[in-house]
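**Q** Given these sequences and hints, build the entire structure.
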Amino acid sequence: MKALLRHAISPSCLALALTSTSAFAQAATTTPQPTDQTITGQSDTDAVLGEIVVTATKRAGGVDAQRAPVAVSAFGEDQITAMQIKDITQFALKAPSVAMDDIGTAKGTANFTIRGLGVNSSIPSIDPAVGVFVDGVYLGINSGVVMDAFDLGSVEVLRGPQGVLFGRNVTGGAVLLNTTDPSNTLRYDFKASATSGLRGTGGSYTVSGVVRGPLVENLLSAKIAAYYNKDNGWFRNIATGADFGEAETYIVRGALKLTPSNALTALVKYEHGHSTGDGPAGQSHTNGAGVPGAWGNFSRSSFDFSIDEPGFYKSDWDQVTGQLDYEVGRGTITNIAAYRRFKQTQLSDIDSSPRDLFHANLDTKQRQFSNELRYNGRIGDSVDLTTGFFYFAQKLYYNEHRRLAGGRLHQYGGGFQDQETIGLFLNGDFDLTDALTLSAGLRWSHERKDDKIASLPRNVNRPCDVLAGTCPFDVTGEISGSNWSPRLGVQYEISPAVRSYANYSRAYRAGGFNFRNTATDTVNFGPGPFGDEKVDSWELGFKTEPFNRARLNFAGYYTSVGNMQREVNLTDPVAGVVQVIKNTADARIWGFEADFAVPIAEGVVLDGSLGYVNGKYTRVLFDLNGDGVLNAADKALKIPRLAPWNGNVGLTIEQVLPVIGRSTLRVSYAYRDASAYTDNNRGTLNELNRIDASLAIKVFDDRGTVTLFGQNLTNNAQIGSDTQLPSTLGGVALGGTFAPLSKGRVFGIELRISD
1 MKALLRHAIS PSCLALALTS TSAFAQAATT TPQPTDQTIT GQSDTDAVLG EIVVTATKRA
61 GGVDAQRAPV AVSAFGEDQI TAMQIKDITQ FALKAPSVAM DDIGTAKGTA NFTIRGLGVN
121 SSIPSIDPAV GVFVDGVYLG INSGVVMDAF DLGSVEVLRG PQGVLFGRNV TGGAVLLNTT
181 DPSNTLRYDF KASATSGLRG TGGSYTVSGV VRGPLVENLL SAKIAAYYNK DNGWFRNIAT
241 GADFGEAETY IVRGALKLTP SNALTALVKY EHGHSTGDGP AGQSHTNGAG VPGAWGNFSR
301 SSFDFSIDEP GFYKSDWDQV TGQLDYEVGR GTITNIAAYR RFKQTQLSDI DSSPRDLFHA
361 NLDTKQRQFS NELRYNGRIG DSVDLTTGFF YFAQKLYYNE HRRLAGGRLH QYGGGFQDQE
421 TIGLFLNGDF DLTDALTLSA GLRWSHERKD DKIASLPRNV NRPCDVLAGT CPFDVTGEIS
481 GSNWSPRLGV QYEISPAVRS YANYSRAYRA GGFNFRNTAT DTVNFGPGPF GDEKVDSWEL
541 GFKTEPFNRA RLNFAGYYTS VGNMQREVNL TDPVAGVVQV IKNTADARIW GFEADFAVPI
601 AEGVVLDGSL GYVNGKYTRV LFDLNGDGVL NAADKALKIP RLAPWNGNVG LTIEQVLPVI
661 GRSTLRVSYA YRDASAYTDN NRGTLNELNR IDASLAIKVF DDRGTVTLFG QNLTNNAQIG
721 SDTQLPSTLG GVALGGTFAP LSKGRVFGIE LRISD
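Numbering (the numbering used here), first residue to last: 1 to 755.
Hints are computed from structural coordinates only; laboratory data are not their basis. For glycine and all other residues, C-beta sits at the position ideal for the given N, C-alpha and C. Each statement offered as a hint is correct.
The calculated DSS-like cross-link candidates involving lysine-lysine, where the alpha carbons are at most 25 Å apart (straight line), are:
id, residue 1, residue 2
1, K86, K191
2, K343, K314
3, K395, K314
4, K314, K86
5, K452, K395
6, K365, K314
7, K230, K343
8, K616, K638
9, K616, K635
10, K343, K452
11, K395, K365
12, K365, K452
13, K230, K86
14, K343, K365
15, K314, K230
16, K395, K343
17, K191, K230
Have a look at the derived ranges for each label pair, beta carbon to beta carbon:
id, residue 1, residue 2, range
18, T470, N262, 55 to 63 Å
19, S299, A266, 55 to 63 Å
20, D64, A263, 20 to 28 Å
21, L695, A242, 27 to 35 Å
**A** Rendered as C-alpha cells:
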C-alpha cells in the first residue's frame, strides 16, 4: 500500500490530478463540441465508458453491467482493444481484489484468486476456487486456461461466490470468457505484432485474423479465426548464456450461426489449439528458512536464473460447443452442450539450479462433457425466473516421474479420476415496486468422484505410467455427496442514477483426492479424501452514474470460510517437495472495493479501481507452521494469496489528427501487495508495481491502426509460485526456491486492419 500511495503523490501524478480536476469541473458543466473532422466507428474513450452487456445473471439477451446486482468487472470487445489487453491475466490489473496468475510450472495453468480465495496448485485433481467458463462452458481443470486475449467478444470477472447460477468451484468468483459470434454483416479484424525480448527487438511475433459474415442472408452466418505466435524467448539462462522461454502457439476457431426464425437460433463453435515451448524459468533465491540456493542464488527482484534442464511443455486441446436458444412466449429456453479434450506433457527443472537434482516429467490427459438446459422468462408483470439443469462428466489422467539426485532415484505415480456432477437451480427476481426488487435462488448439486492413486514412494526405481495403464494403484476411493447453495438478495433503485443491492450467497469447492502423493506417512499426509470447502458471503454494493456517462461503484463484503481446502507445501530431503491437500482451517475474510470511469474532458477518460482484503483464521485444523502443535501461532499466519491492497488507474486521451485520423494515448498503473504463497508463510509472492503505455494511430476511417506499446515498463519481477526447497536433496546441498518467472519489460508494435 505504501508504494501505491508513493506513486499516487509523485509530482507527475499531482500535476495530472490538478489538470484532471480542472477538466473534470468543465466536463461536468459543458457539453463537448463536435470536432471539425467526422470520425467513423466508436472512439476508444467511448469504449472505456460504454455500456457492457453481461451474461452473469443468465438472463436472455444479457443485462447492462451497471444494472446487474453483482460485483462484476466487465470488458467488451471494443474496451479490450482500447485498453490494449494482450492476455487474460491483464484483466486482473483492471479489477479490484483480483489476481489472475499463471503458476508458471507449465504454460497456461491458472491459479486465479478473487477476494483472497484461490489455489496454489498445478495438480489437475485440485478444483479451483475461481471457476473459468468459455462460451458458457465450465473448464474442469486449471490447465490450458491462461491464453492470449484473441477473438474475445467480452470478459466478465464476477467477484464473490456464484453458487446458484454457476455451481461448484466458484467460492471466490468466476471468470467468463466469451469468444465472438458470427455476424450478419461482413466484419474482419487482422493483426500483426512484434515485441522485444530481454536483449532487443523481435523477441516475439504474433499474427491473427478473424472474419465474420453472412453465408445466407438472415439465415446462416459464419466465423473463421486463426492465431499464431512465435516467441523466441524473453529470458537468458545464465547456466548456458542462451535465450530462454521459446514458445510456439496456434489456435483456430470456427463458428456457424443458424437463425431459421425470429424465435430460434442455433450456434456451433469449434476450437483447436496447440502450444509448445521451453519449461519454466525457475529462479532460486534465499528461501523463507534463510537458506540460499547452493548452486545459484539470485535477487527476487531480478530475472536471473541458472538451470541445466531447459525442459519443455506441449499442450493440445479441442472444444466443441453447441448453443440453442428458443423463444417461448415471454421466455427463452437455452441449451449449451460442449465437449472438451485437453492433453499436456511437460518436463520441468524443479531444483532451479545448474545441477541434476530434481527434474519432473508431468503428463495430463482430460476429457469432459457438459450440458446445461435452462429457462429464463417473465412471469406476469413482476417476476423474472431462471431455472435449469446442469450435467458435467470428466475423465482425468495424471502421470508424474521425478528424477532425483542425479538419476540415482526415480519416483513414478499419478492418478485417475472418473467424475460426474449434476445440478438443479432456480432463481427468481420479484419486483415488489418499481424501485425495489427481491431476489431468491437455490441450487442442489450432487457430485461423485471415483479416484485411483499410484503413490510415488511406492514406485521407486520401478518405471510405470498411469496413462499407459502400467502403474499399480495403491489407493482407491470414492466420494459422493450433495449440498444446497442458497442466495437471497435485494436491489433498490435510490434514483435513476444510483442503485444499491445487498446479497447473501453460499458456494462450495469440491473435495477429492491428491494425484501427487509423495508422502510416506499416508495416515497424516496421504492423498485423501479431503472434504468440501464451504463459503458464505454477505455483500452490500452501490452502482452509480453520477453525471456525463461517468460510473462509480462500491462494494463491501464479509465472507465466512468453513473447512478451507489448502495445498500445504512441505520440504523433503528425499522427495524434494511434498504437497499435502487438507481441510486446514476456518477463516473469515472481509473487504471493500471501488471502481470508476470518468470523462474529465472531451476525449479524456480516467478509470481505475481500488480493493482491500482482510483475512484471518478463526480455527485451525492442521499444523500449518509445522511445529508439531495446533496453537495461536498457526492462527496468526497469513492466508496464502491474500494480498491486502490492490489498485489501478488508467488515463485514455484521444485526439483528432487533421488529415490523418486520430490518436489514442493510454497509460495505466497497477499495484498489488505482496502475499504469502505457502501456508507456513515462508514462501512469498512479490509485490506488483506495473506501468503499461500505448499510443495508437488510427487512419482510413479507423480501418487501419498502428500501435506502439510498452508493457511492465517498471520491469517488475513476478513469480507464479515460491516453492521452498530442502537444504539437502539426496545428500547434496540444495536450498533456495522454485520460483517460475514471468516476463519483464517489453516494447512492441502492432498493425491492425479491421472493419
